[in-house]
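Number of protein chains: 2
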Amino acid sequence: MTGITVPADRLVELGAAILVAHGVPEDDARLVADSLVTADMWGHPSHGMLRLDWYVARLRAGVMTAVTEPETVLDGGAVVVLDGRDGVGQIATERACALAVDRARQHGIGLVAVRFSNHFGTAAYWTRRIADAGCVGILTTNGSPAMAPWGGREKTVGANPWSIATPGGSHGPVVLDIANTGVARGKIYAALQKGESIPDTWAIDSSGTPTTDPRAAIEGILLPMAGHKGYGISFMMDVLSGVLTGSGYATDVVGPYVPDQRSGCGHLVVAIDIDRILGRDEFDRRIDDLIARTKSVPLAAGVSEVFYPGEIENRAEERGRAEGVFLPDKTVDELKSLAVDAGVPFDLVPAEVV
Amino acid sequence: MTGITVPADRLVELGAAILVAHGVPEDDARLVADSLVTADMWGHPSHGMLRLDWYVARLRAGVMTAVTEPETVLDGGAVVVLDGRDGVGQIATERACALAVDRARQHGIGLVAVRFSNHFGTAAYWTRRIADAGCVGILTTNGSPAMAPWGGREKTVGANPWSIATPGGSHGPVVLDIANTGVARGKIYAALQKGESIPDTWAIDSSGTPTTDPRAAIEGILLPMAGHKGYGISFMMDVLSGVLTGSGYATDVVGPYVPDQRSGCGHLVVAIDIDRILGRDEFDRRIDDLIARTKSVPLAAGVSEVFYPGEIENRAEERGRAEGVFLPDKTVDELKSLAVDAGVPFDLVPAEVV
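For the record, the sequence lines run as chains Z and A. Each step along the first sequence adds one to the number in our numbering, with nothing skipped, and position 282 is 282. Each step along the second sequence adds one to the number in our numbering, with nothing skipped, and position 307 is 661.
Rather than coming from a laboratory, the hints here were simulated on the basis of the structure. C-beta: ideal position from N, C-alpha, C; glycine also. Be aware that a few hints might be false.
Said to hold, decoys possible - Residues from chain A that face chain Z, not an exhaustive set, calculated with beta carbons under 10 Å:
1) G505
2) R507
3) I518
4) T605
5) G609
Said to hold, decoys possible - Have a look at the derived ranges for each label pair, beta carbon to beta carbon:
6) R285/Z / T426/A: 21 to 29 Å
7) R439/A / V67/Z: 33 to 41 Å
8) A676/A / L74/Z: 41 to 49 Å
9) G397/A / G43/Z: 38 to 46 Å
As the list claims (entries may be wrong) - Once the Cα atoms are required to be at most 20 Å apart in a straight line, the calculated SDA-like pairs of lysine to any residue come out as:
10) K509/A / D252/Z
11) K509/A / A301/Z
12) K295/Z / H582/A
13) K509/A / R293/Z
14) K649/A / R153/Z
15) K155/Z / H582/A
16) K684/A / P361/A
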């Protein structure tokens, strides 16, 4: 695959300028762009700048509001319910995370339910912020139907990503971020973007047959991770993110790649103030010990290192900020076209030709 | 497999009498026995009465205290930390769940961290109680090392079960309860108990080779569900249940089948009062709708029904309470021997010979 490697900050600036041209306030635009560029740096291009095109289409159609002004539906102290009013998912989520941390400082734990939001990028981008504030961060969301309920052959269950992050002591944050499909739908879009085929364990086509064609998989049905367990987890994430928050759920939720329909997705954010449970120093000492013991086990054949969850992304982000972010040609072309349409100068200078 | 089907209440009475003979207070003993018998009714004998023998051995050795008196380490309003002081896991967990619900009533959300507890039976038994109180129940625990960290070949990661339950509207509760291994370790014990072999995808033996022998699997290493995702989930459950609560973690946690060592396991309990987020009636209406939509999808070939998570157990429990609980001969023999040793009359009358 050919493409270019560009400096991360320049890429954020370009993305932000394109969003500003569509009415998104400058600080908000920079945050959204950073959330996408960071996913590219982590090596998750499925959730990276290739999504900017989708966001712009939704802003243009008016189904995502450029100026995000969440409404407080209910404020119960340790629990808050926000209505995202169809604003930008990243911005509604940033407000929710800040509120959850604030309430955790007061009560030990804080919960913020967000209804009628939009796609927020990666879940880990947000739980990492909560971890950086010294809390345990938990975030669930629901997405458009991607899987059949176990034993069915019609999609009602989203991939419904969820993430848990904590501080990592002397390391970067410890972070889990998974979709409950065998693979994230975005990885199939990335394969489509790259023109690659996919393993036949990822999805069945619309007739129910396993497929290696990413386009047939997108039109077909993803399989859950871990069989019925993945179905169960994803169902519960929809209950938490959609049913409980008062947002859309099941087939009511629309994906970010649909340009002209309201998303309906919801999020549940929980922050736990570590200082109010155990004390931060003690937690850091213990997590350092857990990481050290985990990384010191004998290795399986062909393996060079055991990683704690999130470690690979921690390293990749450090490398990306220093050395630049790789973008495939197709994404570069899309960005160029978005920039031209928005009247924004397209000034990406490759850090290195790949 | 031969065995007998016995009335559930008689089985609970027998289990309780055996525990009382070892110093467990009567109400506590009945609760512990009910938690095991209920698992048998659900069709999860791996977590059923076959474990009573293990509990008795631990009570006799003095590593599990018969009279459970948790100490409140910290009371921060919405968050509480308890030290189980090596008491019976079920009793420490019952206190923690009641406290979490009480704090959720006051603050909208309540969290109780429990350190130095013991095995508590199934996680679902406890989250169902929280759901019955009108709350979302979330419970995590950590167990003795069962898996290698991804890429390693030495056990440091437990199966670390976790459960989420909510009320199910006009249905029984909606319940997720999973271990992060491909299978629960208890299923391998159940296969051993029944003299059956296991699929070769469940575990590797101590040399790293996949095995169909349950004994070799118990001595070997379980594989996580969903590959590296299962490793990540289980690692985080150890962070929440062990590192954050101030309890044991990783290789410090000892399994309930070890008769003479302190458990060191911890639990994290969260309750969310649905009435403080959305209102119970609205939640019930929405979950009924989600269940109806889930159960009405077209079925895959050979499938007779789609179930919501927990539905199979809801039905099995109803049937078990009406028709009795099946016990394999080996478990019956163990119970008889426990009863004789404890000087308790063994009076199980089969409801039906199987």
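Hints, verified against the model:
1. G505: holds, 4 Å
2. R507: Status holds, d = 5 Å.
3. I518: holds, 5 Å
4. T605: holds, 7 Å
5. G609: violated, 18 Å
6. R285/Z / T426/A: 21 to 29 Å: holds, 23 Å
7. R439/A / V67/Z: 33 to 41 Å: Given a distance of about 55 Å, which is not inside 33 to 41 Å, the answer is violated.
8. A676/A / L74/Z: 41 to 49 Å: holds, 42 Å
9. G397/A / G43/Z: 38 to 46 Å: For G43/Z against G397/A, whose Cβ atoms are near 42 Å apart, the range 38 to 46 Å holds.
10. K509/A / D252/Z: violated, 43 Å
11. K509/A / A301/Z: Given pair K509/A, A301/Z holds - Cα atoms ~16 Å apart, limit 20 Å.
12. K295/Z / H582/A: holds, 15 Å
13. K509/A / R293/Z: holds, 11 Å
14. K649/A / R153/Z: holds, 11 Å
15. K155/Z / H582/A: violated, 25 Å
16. K684/A / P361/A: Holds, because 18 Å separates the two Cα atoms, which is no more than 20 Å.
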